[in-house]
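Once you've looked at the hints, dock chain W against the given chain X.
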Amino acid sequence: MRGNGTRTSLALALVLTLGGTLTGCGGDGGGGSGGKVSLRFTWWGNPDRAARTEEAVKLFEQRHPDIDIATSFAGFDTYKAKLATQAAGGDAPDVMQLDYRQINQYATSGILLNLGEHPELRTSEIDKGLLATGVVDGKQYALPVARGTETVAYDAALWRKAGVPEPTLTWTWDDWADAMRKLSAAKATQGRVGSTDPGQSEDVFEIWLRGRGKSLYTKDEKLGFTADDLTRYWEWCTKLREEGAVVPAEQTTQMDGTVENTPLGRLKSVSDFNWDAPTSGYAPIVGEGLKLAPLPVGEDGTPGQYFKPSMFFGASAKTAHPKQAAQFIDFLLNDKKAGAILGATRGIPANDAIRQDVLPKLEGFDQVVSTYQKQFEGKFEDPPPAPPKGDASLQTTFSRDYDQVSYERMSPREAAENYITEAKAELRQ
Amino acid sequence: MTATATRPPDAAPPATGGKRAPKRERQGAAWVFLSPWVLGAAVLTLLPMAVSLYLSFTDYDMFDAPRWIGFRNYTQMFTEDPRYWRSVITTLTYVVIAVPLQLLLALAVAIALKSVKRGKGFYRSAFYAPSLLGASMSIALVWRAIFNDGGSVDNLLSGMGIDIGGWINKPGWAILSVALLTIWQFGAPMVIFLAGLQQIPAELYEAAAVDGASWWRQFRSITIPMLSPVLFFNLVLQMIQAFQVFTPAFAVSAGKGGPADSTLVYTLYLYDRGFTASHMGYASAMAWALLLAIGVVTAVLFRTSRAWVFYANDNNEGAR
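So the sequence lines, in the order shown, correspond to chains X and W.
Following the numbering used here, the numbering of the first sequence begins with 1 at its first residue and continues without gaps.
Following the numbering used here, the numbering of the second sequence begins with 430 at its first residue and continues without gaps.
Just chain X, same shape as in the assembly:
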């Protein structure tokens, strides 16, 4: 029996070390302290959005002293990867901000709560067409927070100096291309070319496609276009690039999602395609002349543009407090005070009543964005349903394949066929 005591105490110490490590890992089981319900809420965004969100969260906590909201946020790419990892580990946050392209995947994988079953969450004031984008298999898995639409942001002062007619509500893609050629050729633009190369953007391609009566995806979640369509689009872009009407590959490749690194933001072009929400970022760079024009319509007048939900809120199917999660989302979307605090930080609100409240109070270029959206009210077709599962990486694939075209490593035809092959593999078709 010699040495037994020591051995026991050593074993004990080991168990304690182990135990300590393990409990250290699994800290907050969700219960929270003092009988409070604790919810985790995560989103992506910038510091401004963070400050306003925190303020709204504080107001909610004041009204619901029994609910505690723990928040965290990150940049979009980081957020996306982190959320996917959390969701895979069965540890998705109770309430989360979601992207259009995540809805289908998360809903069909059983990660999202069916919010339609929660009467605490009112949806009566949210635009019907937008609301439908959060529906998968007949269930409301996510709620649109705000809406955005694409735009051509341009320097109207230079445009006028160059003597090119300004964009109209019904300009066609041919009109657009003509304007770009003239802008590039004009002396007044001082060597700047007409536009960003639309070839790298799947978003612009979608509008172009819709203008021809097609779509990225069909209703039964198949690809809505062929290699011929994409080849035609990329050949057209390539021609414009070779003519010098749009920027060369060296400019396109520097785009990283920020306004500052777009050709217009770098003062290399006179106009740029972008979503309307971030265009306020051009204001300090471009100055007074900055204006927003709609995207061109198809040659037969078919508009391709639509209001797209800029982001959603959803709740975890595994949350221990579905009722409180629904209450919190309801507060963020429908409460007037919350609406006033949040303003347009997530885009122009999808809630009709809040939008009426918020719009007049917007400042600076946000006001221009809201006026821009207003002219389309009731004129756009409904947005397409959430993209099918598997499409997550196709946006990147699209711009990568076009990179091969603009650096002349592949013909538009080869690259288009590449893309179609990859897209079909991703969509498992």
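Hints listed in this document are in silico derivations from the structure and should not be mistaken for laboratory results.
Where hints are given, some of them may not hold.
[As the list claims (entries may be wrong)] Short derived list, chain X residues pointing at chain W, Cβ under 7 Å:
hint : residue
1    : Ala74
2    : Ala84
3    : Gly90
4    : Asp91
5    : Thr253
6    : Gln254
7    : Ala392
8    : Ser393
9    : Thr396
10   : Tyr407
11   : Glu408
12   : Arg409
13   : Ser411
Where a beta carbon is used, it is the ideal one built from N, C-alpha and C, also for glycine.
Okay, now just chain W, sitting in the frame of chain X:
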């Protein structure tokens, strides 16, 4: 406490006790002290490795349960994915440029520093600092900024009449800027070289000098052979690291591996498959292929080392 009572009063562990109980006690203590590491290795390294090996034979999108598909990921990788091979070639290009240049620079600076008399500490820290900083994302972002068109390096070069118009947006130049970032971090191998240089007996050089050997002759016949174990060590280490390069390529290309996939190094493509495209099974298969490739390259290096690495106790094949 019966055990401690049997010990000598001074309670020092009997060094040559030879009895079983104390030995076991010491083993026990060792395990207690090792436990954080053992635990870390098991939970954070071995378990994930096992899982990754399993996943590499499955189709796993992180949401639905993994589906067993055998070697499908591997065959797809080797036979159907041109982008995979592009990433392999990009990585090899990078390794071939970055590793030799980095080691050369490290060796040159180490030799120069060896004879520096004053401010030794300062120079060593100054050259070593990039190795500490260089792996960080922030430095990589600075790199992106200074090699961009309109960035300081680009401006400097165009001031000298060399107009490249930015490195990071030219397919041929972008990977070079990534390699430069690695080369710039030559501090770690340099410190090891310095240590190696100081091990070489001064008598060898004195004898050579007496015989009238030139600097070059001394370098070739004394420094290089005597330093060859250190050289080998650095080569293997830097090679292994270079195969796994990620951060600079990620930052310089804003995560995309562009322009035109020219900075799409292996691990960046792996990351893309895993986290952007949600093909964790495929990414795991890529990780295992990389592990095997590094293993093979290292084994080959060890093989060739017999021909050129001399250890001081190999009397017959010593420096000559």
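Problem set entry | Violated constraints from the hint list, given by number and in increasing order | Violated: hints 1, 3, 4, 11 and 13.
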